[in-house]
Structure formats: structure tokens, C-alpha cells
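Undergrad: Sequence:
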Amino acid sequence: MFNGMLLDTPLSAAERVDMIRLSRISGIGPVNFGKLLRKYGSAVAALENLPDRLARAGRKDFSPPPTRTAIETELAWLERNNGHVLFRSDPHYPTLLSHVPDAPPILYARGNIKQLSQPAIGIVGARNASAAGIRMAESLSAELAAHGFHVVSGLACGIDSAAHQAALHPCKTIAAIAGGLDAYYPRENELLQNAIAENGCILTEAPLGTMPQARHFPRRNRLIAGLGIGCIIVEAALYSGTLITARLAQDYNRTVFAVPGSPLDPRSRGGNLLLRNGAVLTEGAQDILSEISSDMPDYLPAPWTTQQQNLLGFQEKTIRWKGATTPPENAENDLDFVIQNIRPLLSVTSVTVDEVVSRCQFSVSDVLSALTELELGGVLEFVPGGRIALLPT
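Sequential numbering of the sequence shown, starting at 1, is according to the numbering used here.
Rather than coming from a laboratory, the hints here were simulated on the basis of the structure.
As the structure is a prediction and not an experimental result, all values here were calculated from the model.
Heads up, the beta-carbon is just placed ideally off N, CA and C, and yes, glycines get one too.
Some clues are possibly wrong.
Quick list of simulated restraints, FRET-style, between CB atoms [unchecked claim]:
# : residue 1 : residue 2 : range
1 : 214       : 24        : 12 to 22 Å
2 : 188       : 14        : 37 to 47 Å
3 : 187       : 369       : 42 to 52 Å
4 : 263       : 14        : 52 to 62 Å
Please work from the sequences and hints to get the whole structure.
TA: This is how it looks when you write it as C-alpha cells:
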């Protein structure tokens with residue numbers, strides 16, 4: 001039986017296959033995945049009911065999930081290549097990551113999965129890193145590994161590669177990647193990726209055969225931010241993917257560290273901005289070690305279920321209709337009517353639930369019911385900070 005985001009009984013082989021199939025449907029994000037399982041009790045039941053639910057939400061681009069045979073072929077590849085599928089119920093699913101609100105329901109790993117729940121810290125930074133930045137990343141990574149931490153990074157060129165290399169020989173590095181386990185990106189890091197698979201762990205939520213695209217990297221960044229008890233920024237331009245990782249780390253209640261740099265170097269502006277906004281100034285590993293503890297259970301953030309209302313930050317209320325359409329007398333019981341009227345208020349730019357409520361005549365409970373229906377239909381997603389946004393079509 002499904003209980004929250006975890007399963008209290010082991011999954012059978014058939015159930016695991018159906019869970020993977022459900023996760024592959026476009027628009028089924030982590031939170032939506034859990035809601036579908038809670039509603040229907042099993043992945044196979046969710047798969048059977050999903051077409052009607054998507055139609056009700058007005059989504060017409062539904063594509064059938066992969067066949068069981070296709071998933072079984074992928075599982076056979078993983079077995080031959082020291083790969084693993086990790087469900088939220090599995091004991092080796094990363095402990096800290098399991099407590100973030102949008103933790104992936106299914107992960108794919110290659111290597112030593114026991115490392116995934118060991119004390120870890122992220123190190124990320126610029127691809128076009130300076131020699132000084134690379135030297136700093138290597139120094140921090142090596143010393144943290146010597147103190148028992150696993151170093152998490154994104155296997156990009158520059159700072160990421162330096163961090164991985166320095167922690168590789170102690171077998172204390174984890175690479176979060178944007179593509180499938182059978183994809184090499186960037187191509188010049190193929191040898192490094194294979195070495196990490198042998199001496200550390202590669203982790204992704206992308207299926208086999210996925211070649212990284214720009215839209216995949218925020219998910220990769222989410223893994224880096226969620227796996228560690230903190231995140232270190234070594235060189236980052238403004239508006240860079242590195243700053244996205246830092247923001248996610250802050251959203252997940254992780255400590256953000258930043259190495260200061262020259263204001264004349266564009267690669268330092270992102271880190272310096274983080275320092276102005278409260279990041280821990282980092283000139284050496286001791287600045288990190290004095291700030292955090294390797295005792296992860298004491299550092300676990302509160303489960304999302306207890307944070308959700310605080311993050312949403314609104315109170316139950318009813319706001320009178322501001323649009324031209326007059327609701328029917330039984331509008332509060334007409335979910336389709338609520339969906340019809342609040343959907344035009346949404347866009348791919350995220351807004352708070354309170355903003356949606358303030359622009360319609362419905363109560364918070366009505367709006368939440370409609371938003372949940374649209375989310376389960378793969379039309380929108382809840383994003384960190386209690387905000388919602390339409391999924392790109």
C-alpha cells in the first residue's frame with residue numbers, strides 16, 4: 001500500500017516495472033507521481049485511469065507509456081552494467097534527497113549505491129574556470145574527502161571535473177548527470193564518467209538513451225542541491241546554472257558556501273552576489289567544516305508534508321469574482337467550472353496559489369482541488385516555494 005511518498009511493503013518486479021512506466025508519462029512530475037499513487041493505490045491502477053483524467057484536464061497530447069517489454073530491456077542493460085533502479089522505498093535511495101519536496105520518485109544509478117546516503121557536500125562552478133578556481137576546487141574536494149565527505153558535482157568541464165578528480169581516488173565522489181547512464185556528456189569526460197562508475201557513483205533521473213538537453217539540467221542541479229548537506233560555489237557568472245543550484249540548495253534548507261573572487265572577473269560575480277546575500281565566505285575547507293556537521297540525521301529537513309502549508313503561506317478565504325463570467329449557483333461543487341475559470345490565470349511563469357485565489361471567486365479549497373486536478377492531468381506543476389506553473393506544451 002502506498003503511504004505518503006514511501007511504500008511500506010517491498011515492490012514486486014511487476015510493480016517496479018509499472019512504477020517506471022508511470023514515471024515516464026510526460027507531465028508526471030515527482031509530486032504528481034505521489035498523488036496518483038495515493039489516489040489509486042498502485043501504479044497499474046493509475047495507468048488505467050490516467051487517460052480519462054488527462055482528458056478531463058483538457059490535455060490532448062497524451063502519449064502511452066513505454067511497454068513493459070521496453071522497460072524490462074532497460075533493466076537488463078542496468079543489470080549487465082552495474083546499474084540500479086532506486087525507488088523511494090529502497091534502502092539505498094539517498095537519505096537527504098528523500099526529504100526534499102520534489103525528490104524524484106525513481107532514480108537510476110551506476111556504481112556503489114551505498115555512497116548515496118553517506119555525508120556529502122556539493123561543489124559546483126564555472127565550466128570556463130580559471131586556473132585559480134580549478135586549484136581551489138581540487139583543494140576543497142580533496143580535503144573534504146579526507147574528512148569523510150563524499151563530493152557531489154555535475155560532471156561538467158571546469159570546476160565540476162576538478163572536484164570529481166580530487167575525490168576520485170579516495171572513492172568519495174558522486175556525479176549527478178542530466179542524461180541517461182548510457183550517455184556521455186560532455187564527450188571529453190567519458191573516461192572520467194567511467195572512472196566514477198567504477199570508484200564512486202553516477203546518478204540521474206533520466207531514462208537510458210536520454211541525451212542531455214538544456215531543459216534537463218535544472219533537474220540535474222536539483223540532485224546536486226538535494227544530495228548534500230551544503231553546496232560550495234567556486235566561480236559562477238550571474239544568471240548561470242551554478243546559481244540555479246545555489247538557489248535550489250537554499251530552497252532545500254542547505255548551507256550555501258561561496259569562494260570570493262575579483263570583482264573584475266565575470267566568473268566571480270555570481271559567488272560574490274551570494275556572499276552579499278548571506279552565503280558562508282569560504283577560503284578553505286576549515287570554513288566549511290566549522291559550519292556543518294557530518295551527522296546527517298540531525299540535519300534532515302522536515303518532511304514536505306509538514307512544511308507544505310507554511311510554504312504556501314495563505315489562509316482559507318473566499319474572494320469575490322473579478323472576471324466577466326458569472327459562476328453557477330452550485331459552482332463550489334462544480335470542479336469542471338473551477339478548472340475552466342482558473343486555467344486562463346496560469347502560465348509557464350510561476351505564481352503563488354494565493355495570487356490565483358485573489359483573481360477569482362473561489363475558495364482556497366476549491367482552487368487547490370482544481371490545481372491538483374490539473375497537476376494530476378500533467379498540465380501544471382508545483383515548484384519549490386509553494387508556486388505553480390504550467391508545463392511547457
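Undergrad: For residue 187 and residue 369, compare the CB-CB distance with the range 42 to 52 Å and indicate the outcome.
TA: holds, 48 Å
Undergrad: Please test the hint of 52 to 62 Å on the beta carbon pair from residue 263 and residue 14.
TA: holds, 59 Å
Undergrad: Is the gap between the beta carbons of residue 214 and residue 24 within 12 to 22 Å?
TA: holds, 20 Å
Undergrad: Between residue 188 and residue 14, is the Cβ distance one that fits in 37 to 47 Å?
TA: Given about 41 Å between the Cβ atoms, the range holds.
The structure meets every hint from the earlier list without exception.
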